[in-house]
Amino acid sequence: MSSGSSHPMSGPPLLADLPLLACLAVLVAVLAGASLMIGEVAVPMSGLFAGGNSTAAIIMQEIRLPRVLLALAIGGTLGLAGAALQGLLRNPLAEPGIIGASSSAALGAVIVLYFGLFNLFPLALPLAAIAGAVIAIALLFALAGRDPSVLTLILAGIALSSLAGALISLAINLSPDALSASEIVFWLLGSLKDRSMDHFFLSLPFMAAGALLLLTTGRALDALTLGEDMASTLGFDLKRVRVQLIAGTALAVGAGVAVAGVVGFVGLVVPHLLRPFVGHEPRRLLLASTFGGAALLLAADIGVRLIPTNVEMKLGVLTALVGAPFFLFLIFKVRRSMA
Amino acid sequence: MSVLDANGLTVIRSGTTILREAGLSLADGEIVGLIGPNGAGKTTLLRCLVNLINPDRGGVHLNGRPVATLSRPEIAREVAYLAQNAGVHWPMSVERIVGLGRLPYSSTFRGLGRRDWTVIERVLEETDIVHLRDRKAPTLSGGERIRMLLASALAVEAPILLADEPISGLDPGHQLQIMQLLKDLARRGRSVIVVLHDLTLALRYCDRIVLMAGGRIVADDQAAGVLTEERLARVYGIEAQIHGDGGNRIVVPIGPAQPPTRPFEAPTGKRSA
Chain A
1 MSSGSSHPMS
11 GPPLLADLPL
21 LACLAVLVAV
31 LAGASLMIGE
41 VAVPMSGLFA
51 GGNSTAAIIM
61 QEIRLPRVLL
71 ALAIGGTLGL
81 AGAALQGLLR
91 NPLAEPGIIG
101 ASSSAALGAV
111 IVLYFGLFNL
121 FPLALPLAAI
131 AGAVIAIALL
141 FALAGRDPSV
151 LTLILAGIAL
161 SSLAGALISL
171 AINLSPDALS
181 ASEIVFWLLG
191 SLKDRSMDHF
201 FLSLPFMAAG
211 ALLLLTTGRA
221 LDALTLGEDM
231 ASTLGFDLKR
241 VRVQLIAGTA
251 LAVGAGVAVA
261 GVVGFVGLVV
271 PHLLRPFVGH
281 EPRRLLLAST
291 FGGAALLLAA
301 DIGVRLIPTN
311 VEMKLGVLTA
321 LVGAPFFLFL
331 IFKVRRSMA
Chain B
1 MSVLDANGLT
11 VIRSGTTILR
21 EAGLSLADGE
31 IVGLIGPNGA
41 GKTTLLRCLV
51 NLINPDRGGV
61 HLNGRPVATL
71 SRPEIAREVA
81 YLAQNAGVHW
91 PMSVERIVGL
101 GRLPYSSTFR
111 GLGRRDWTVI
121 ERVLEETDIV
131 HLRDRKAPTL
141 SGGERIRMLL
151 ASALAVEAPI
161 LLADEPISGL
171 DPGHQLQIMQ
181 LLKDLARRGR
191 SVIVVLHDLT
201 LALRYCDRIV
211 LMAGGRIVAD
221 DQAAGVLTEE
231 RLARVYGIEA
241 QIHGDGGNRI
251 VVPIGPAQPP
261 TRPFEAPTGK
271 RSA
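For the protein sequence lines, the chains are A and B, in the order given. Residue 1 is where the first sequence starts when you use the working numbering, and the numbers rise one by one after that. Residue 1 is where the second sequence starts when you use the working numbering, and the numbers rise one by one after that.
Zero decoy hints are in this set.
Using C-beta positions, here's what the derived DEER-type ranges look like:
1) A/Phe277 to B/Arg77: 31 to 37 angstroms
2) A/Arg240 to B/Glu21: 30 to 36 angstroms
3) A/Arg240 to B/Pro138: 24 to 30 angstroms
4) B/Thr139 to A/Asn310: 50 to 56 angstroms
5) A/Leu151 to B/Arg77: 28 to 34 angstroms
6) B/Gln222 to A/Leu151: 42 to 48 angstroms
Simulated from the structure, these hints should not be mistaken for laboratory data. We treat Cβ as the ideally placed atom computed from N, Cα and C, and that holds for glycine.
I would like the entire structure built from these sequences, with the hints used as guidance.
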């Protein structure tokens with residue numbers, strides 16, 4: 001039994017989790033290094049810092065580095081958004097996709113692909129995806145009313161996902177030729193292949209803003225452990241918390257989907273795996289899940305290149321292949337503990 | 001001096017009047033027992049007092065300021081609230097749950113400090129859950145859980161405490177201990193409103209008793225003045241005897257009121273009192 005005088009968890013929450021965060025950071029660094037080294041040709045790591053137009057410099061700086069940076073940023077924000085949403089909804093089955101942000105962002109991007117707007121200006125795709133996520137959130141609040149309950153939010157999210165899914169299917173259905181149809185389908189599958197530093201720099205501000213909004217909800221998420229009434233009387237304006245959290249998710253996930261397509265289940269798997277290491281505390285889970293999400297997506301992106309298939313497996317396919325059975329396992333587990 | 005004032009609170013939900021012209025004032029250093037049959041509007045009244053519900057008519061003043069104009073952090077530092085049937089959604093340890101009561105004093109980048117732990121230690125002792133501190137909250141029994149949640153509310157150290165049925169489900173020993181704790185808080189200058197169903201404990205520990213029925217305040221007076229055999233028959237529909245005097249009075253329910261009286265009628269007739 002611990003004594004009153006020495007509490008390992010007292011002081012800043014950051015310090016309490018330093019060992020865990022350090023382990024995760026090392027894992028992320030190792031995976032990032034490995035990701036840089038993997039590819040069809042062997043390139044020395046020095047290519048990362050080489051100047052000029054040497055092959056090594058081009059491969060490292062323009063092909064592999066963006067891929068690693070995007071995996072870090074997208075994985076991190078997906079893990080963070082999952083942890084934050086699970087805290088808000090007080091449900092370990094919540095996922096960024098659940099509020100309809102992912103599919104609406106995908107719809108925005110598909111509209112651009114369908115009408116060939118990206119030929120007009122290359123940034124159309126990411127901007128449309130972010131717009132899709134923002135519109136979804138606005139609709140969500142219109143549907144759920146000014147004081148949305150958790151259940152209404154989830155149901156509204158399902159409705160929005162279904163609508164976006166139907167419109168995406170319509171776009172594929174009406175595609176003039178097989179090529180543009182397959183272009184849409186392949187983009188939807190999710191991938192970090194052939195992305196440039198432009199993609200990274202365009203999406204970074206949105207992801208950073210989203211992450212900031214999400215990270216600062218930590219105290220309110222802790223309070224929500226005791227339910228909405230207790231959280232309110234502990235000093236939190238829950239309407240503001242909901243707006244902040246859903247806006248943050250829309251920005252982070254919308255920007256991620258815009259660049260990489262739909263990559264699911266990272267936000268579901270990571271918080272669940274890390275929760276026992278932070279005493280099941282929602283606030284401490286946020287930063288840990290950011291690191292964990294980055295590590296998981298880096299690992300998955302290494303996986304799609306190492307798994308010997310004729311064509312490279314899509315990132316979203318791999319995360320879904322691993323994530324969906326995990327989701328089922330979680331449902332069984334939650335069901336048993338709630339029975 | 002009055003710290004909390006409610007005037008003419010009326011709450012109507014889906015055509016049902018849950019609270020009708022209810023008024024209440026709470027003074028410094030006072031412990032008030034809020035009693036009444038199920039569905040009398042006790043919880044709704046408490047929720048109005050902490051601005052969880054906007055009344056359709058009437059208003060609440062906290063230290064002379066309208067509570068509706070105060071921010072949630074401002075209210076949180078003045079009023080601690082223990083919700084009835086509050087749940088715990090994650091398997092956090094008991095001491096961390098109790099620590100949530102310190103959230104009104106924390107910030108995004110600061111966790112629990114030395115001062116916070118001093119308070120947590122004290123309330124763990126006061127609610128007799130020191131031995132449970134490392135247990136996961138969902139593994140507690142019903143009575144242990146209520147004591148943990150009360151400890152969280154106490155950890156806020158607010159001048160006003162509103163506790164909705166904090167002793168329901170506790171064993172007799174812990175009931176007495178918690179009521180004594182609340183009374184001691186009041187003696188040290190805090191103001192307490194406690195929702196109770198145990199009439200004897202209400203008589204014994206409360207300075208004042210507010211009796212509610214059908215959304216109205218039926219009586220609000222010194223404890224002994226409120227609880228009369230005639231009134232218990234009218235409000236609760238029971239025949240009860242009140243024995244003893246001074247601090248040793250006990251209320252003994254004998255059976256349904258004879259001749260049968262209709263329990264206090266709800267104003268709209270839609271809710272059964």
